[in-house]
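Participant: Each chain is listed here by its residues.
2 protein chains.
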Amino acid sequence: AKEEDAMQVAIAGATGAVGAEFLRILSQRRFPVDDLVLLASERSEGKTLTFRGRSCPVRRLAKDSFAGVRLALFSCGAARSVEFAPAAVAAGAVVVDNSSAFRMEKEVPLVVPEVNAGALRGHRGIIANPNCSTIQMVVALWPLHQAFRVERVVVSTYQAASGAGARAMAELEEQAPKVLRGEKVAAKVFPHQIAFNLFPQVDVFLDNGYTKEEMKMVHETRKIMGEPDLPVTATCVRVPVLRAHSEAVNVELSHPVTREEVVACLSTGAGIEIMDDPKKSLYPMPFPLSGTDAVYVGRIRVDISHPQGVAMWVVADQLRKGAALNAVQIAEAMQRQGLL
Amino acid sequence: AKEEDAMQVAIAGATGAVGAEFLRILSQRRFPVDDLVLLASERSEGKTLTFRGRSCPVRRLAKDSFAGVRLALFSCGAARSVEFAPAAVAAGAVVVDNSSAFRMEKEVPLVVPEVNAGALRGHRGIIANPNCSTIQMVVALWPLHQAFRVERVVVSTYQAASGAGARAMAELEEQAPKVLRGEKVAAKVFPHQIAFNLFPQVDVFLDNGYTKEEMKMVHETRKIMGEPDLPVTATCVRVPVLRAHSEAVNVELSHPVTREEVVACLSTGAGIEIMDDPKKSLYPMPFPLSGTDAVYVGRIRVDISHPQGVAMWVVADQLRKGAALNAVQIAEAMQRQGLL
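Going line by line, the protein sequences match chains A and B. Note that my numbering gives residue 306 to position 306 of the first sequence, counting from 1, and the numbers run on in steps of one. Note that my numbering gives residue 124 to position 124 of the second sequence, counting from 1, and the numbers run on in steps of one.
Heads up, a few of these hints could be off.
[Stated by the list, open to error] Simulated crosslink set (DSS-like; lysine-lysine; CA at most 27 Å straight-line):
| id | chain 1 | residue 1 | chain 2 | residue 2 |
| --- | --- | --- | --- | --- |
| 1 | A | Lys178 | A | Lys188 |
| 2 | A | Lys178 | B | Lys184 |
| 3 | B | Lys106 | B | Lys212 |
| 4 | B | Lys63 | B | Lys106 |
| 5 | A | Lys47 | A | Lys63 |
| 6 | B | Lys47 | B | Lys184 |
| 7 | B | Lys106 | A | Lys188 |
| 8 | B | Lys279 | A | Lys188 |
| 9 | A | Lys184 | B | Lys279 |
| 10 | B | Lys280 | A | Lys212 |
| 11 | B | Lys188 | A | Lys178 |
| 12 | B | Lys280 | A | Lys188 |
| 13 | A | Lys178 | B | Lys178 |
| 14 | A | Lys280 | B | Lys188 |
| 15 | A | Lys47 | A | Lys188 |
| 16 | B | Lys184 | A | Lys279 |
| 17 | B | Lys212 | A | Lys279 |
| 18 | A | Lys184 | B | Lys178 |
| 19 | B | Lys212 | A | Lys280 |
| 20 | B | Lys280 | A | Lys184 |
The set of hints was computed from the structure by calculation and includes no laboratory data. Computed from a prediction, not measured in an experiment: that's the story for all the values here.
Turn these sequences into a full structure, and let the hints steer you where they fit.
Facilitator: Shown next, in the form of structure tokens:
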């Protein structure tokens with residue numbers, strides 16, 4: 001039910017790495033914000049953050065925080081989403097939730113606007129923002145799926161520290177000089193040293209030997225693309241990079257294609273920037289692309305090991321397209337559809 | 001022709017990152033060295049290196065450097081191998097060459113001793129040591145191939161700076177503090193900044209869109225495993241790690257297998273150490289495994305996207321098993337076979 005009154009926006013988790021990005025993106029994209037409510041845990045109560053040049057107080061997230069709020073952007077972990085998102089919905093807000101709490105619930109749309117904005121219709125108050133590594137992959141897969149039908153995906157990720165939050169980024173920055181001095185470092189946020197190291201674990205392990213992150217890439221990709229049986233396998237790896245994820249993606253299509261056909265197809269894809277001139281060593285990289293908005297695709301080639309195979313390399317900023325930007329784009333798509 | 005006289009060993013490229021590792025490994029493995037000739041470019045002439053507690057002078061690599069040498073370990077780049085290895089052979093030496101110069105020549109054995117030590121018979125003086133990323137992968141693939149027949153390999157690599165030499169490792173160490181201070185850094189050895197970054201390019205690009213490194217993994221794997229048509233695809237990525245390579249390997253076998261069968265098979269594999277207890281976050285990682293000798297395999301699981309698929313994670317020290325150690329193991333295998 002669209003209302004004509006003021007657009008009051010709440011950010012739950014305003015002091016986190018994604019929260020900071022929400023503030024920037026709402027401002028940069030001139031999202032209509034008449035009033036902004038910043039919410040965080042008790043620890044951050046009393047802090048102030050700046051939005052459009054004005055200082056805003058951070059309030060403690062509570063069930064009564066959402067009176068008058070029309071859009072609540074949540075990025076404060078699954079447990080808090082479960083606790084507080086229903087209260088926001090009950091108060092009349094649309095919740096776009098960055099956590100994994102509701103993503104696989106049948107009645108909750110899981111949306112990457114470039115792919116399935118239509119799934120927003122019929123929502124019941126909560127929209128789930130997909131996992132960061134899934135978002136950038138499905139943006140790249142979607143035009144290929146429409147043109148050539150994707151039949152299998154094998155992906156290996158190179159995931160930045162930011163995916164584990166601001167403290168994880170600080171841990172990488174703190175460890176690096178110590179490792180260079182030959183000192184032992186203690187891992188606090190991550191399961192192991194991340195500086196000058198990497199490890200094939202993002203999130204916890206499940207009984208099938210995959211991590212939860214890897215299975216998110218399987219299940220969320222299927223849900224977003226509307227292909228409940230699509231074969232997907234992932235190996236998710238944390239690397240000593242600050243805030244953009246990279247992915248080596250091998251795709252099997254329903255029939256053989258040329259590189260030219262794939263490039264032409266991807267270049268029409270919404271949200272995609274092709275960056276692919278190998279002879280000039282031009283391809284997407286996480287450091288220079290940090291802070292950008294597109295999903296960058298390079299290393300596009302016909303897979304020499306499979307007659308219908310294509311290989312590509314996909315990079316996107318984890319805090320922006322992988323989190324805050326996609327959530328704001330969901331809100332924008334809802335406005336266009338008269339849902340917000 | 002085996003001779004009973006003294007074992008004179010030459011190292012061409014003694015002052016490089018692999019050269020230093022040759023000295024360590026010959027000593028650690030008690031390889032029989034009666035006399036050691038250290039060779040390098042003019043730049044390093046006059047330096048001394050320590051071997052078994054004794055100081056050895058570094059001499060300039062020249063065509064007349066090899067009189068009396070029985071084993072010449074080369075790691076000084078393909079151009080110098082082409083120039084000087086034939087002179088070493090003409091002087092009666094067996095050359096184990098770490099460069100790519102001779103690897104794909106039909107009469108040159110390309111050997112990973114755990115896989116194809118038999119290929120050493122009938123050599124003509126030069127034995128090629130495979131590419132680092134290929135060595136560790138074929139050690140892990142070989143027992144699977146013997147037990148279940150490997151039908152396709154999809155690999156994504158996470159390659160350390162050491163693969164580009166000692167100066168590349170120094171570049172990573174020099175860049176890291178500068179990047180943390182927000183300074184711009186210049187890439188000299190690598191095509192781009194490597195600290196807190198990564199890039200999908202190792203070696204130069206070829207016309208099919210793959211890099212030379214990626215095609216080495218294709219062609220060398222086929223030659224070592226004796227499967228000239230084995231479908232292999234690789235994405236090779238340089239990561240900000242100092243000296244061990246990691247690989248996410250997806251394998252398609254000739255029939256379905258269980259995880260238990262794969263683990264049992266790999267645990268019998270020569271040169272392999274299984275490190276795989278996900279519930280304890282135990283899997284191979286490049287930082288703690290730097291300086292070790294085995295090929296470490298973890299994250300072993302049935303690939304949920306393919307009925308005959310298996311996924312695994314393979315880590316090995318690039319300077320040891322990926323270069324110097326494998327070369328010395330080749331020499332040891334030749335001694336066992338009476339070829340040296």
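Participant: Hint by hint, say whether it matches the structure.
Facilitator: Each hint, compared with the structure:
1. With a CA separation close to 15 Å, the supplied pair A/Lys178 and A/Lys188 stays within the 27 Å bound.
2. Pair hint A/Lys178 plus B/Lys184 holds up; C-alpha atoms about 21 Å apart against a cutoff of 27 Å.
3. With a C-alpha separation of about 19 Å, the suggested pairing of B/Lys106 with B/Lys212 holds against the 27 Å cut-off.
4. This hinted pair checks out: B/Lys63 and B/Lys106 have alpha carbons roughly 24 Å apart, not beyond 27 Å.
5. For the hint pairing A/Lys47 with A/Lys63, the CA-to-CA distance comes to about 20 Å; that is within 27 Å, so the pair holds.
6. Straight-line distance between C-alpha atoms of B/Lys47 and B/Lys184 comes to about 34 Å, which puts the hinted pair past the 27 Å bound.
7. Between B/Lys106 and A/Lys188 the CA atoms are separated by roughly 52 Å; this puts the pair beyond 27 Å, and the hint is violated.
8. The suggested pairing of B/Lys279 with A/Lys188 holds, with an alpha-carbon distance near 18 Å, which does not exceed 27 Å.
9. A C-alpha spacing of about 24 Å is found between A/Lys184 and B/Lys279, which places the hinted pair at or below 27 Å, so the restraint holds.
10. Taken as a hint, the B/Lys280 and A/Lys212 pair is honoured in the structure, with Cα atoms around 15 Å apart against an allowance of 27 Å.
11. As the CA atoms of B/Lys188 and A/Lys178 are separated by approximately 24 Å, the hinted pair is consistent with the 27 Å bound.
12. With a CA separation close to 16 Å, the supplied pair B/Lys280 and A/Lys188 stays within the 27 Å bound.
13. For a cut-off of 27 Å, the pair hint linking A/Lys178 to B/Lys178 stands: about 14 Å separates their Cα positions.
14. In summary, the hint linking A/Lys280 to B/Lys188 is supported, as the alpha carbons are separated by about 16 Å, within the 27 Å threshold.
15. Of the pairs offered as hints, the one joining A/Lys47 and A/Lys188 holds, with about 25 Å between alpha carbons and a cut-off of 27 Å not exceeded.
16. For a cut-off of 27 Å, the pair hint linking B/Lys184 to A/Lys279 stands: about 24 Å separates their Cα positions.
17. A C-alpha spacing of about 12 Å is found between B/Lys212 and A/Lys279, which places the hinted pair at or below 27 Å, so the restraint holds.
18. Restraint check for A/Lys184 and B/Lys178: satisfied, since their Cα atoms lie roughly 21 Å apart, inside the 27 Å limit.
19. For the hint pairing B/Lys212 with A/Lys280, the CA-to-CA distance comes to about 15 Å; that is within 27 Å, so the pair holds.
20. A hinted pair counts as satisfied when its Cα atoms are at most 27 Å apart, and B/Lys280 with A/Lys184 qualifies at roughly 21 Å.
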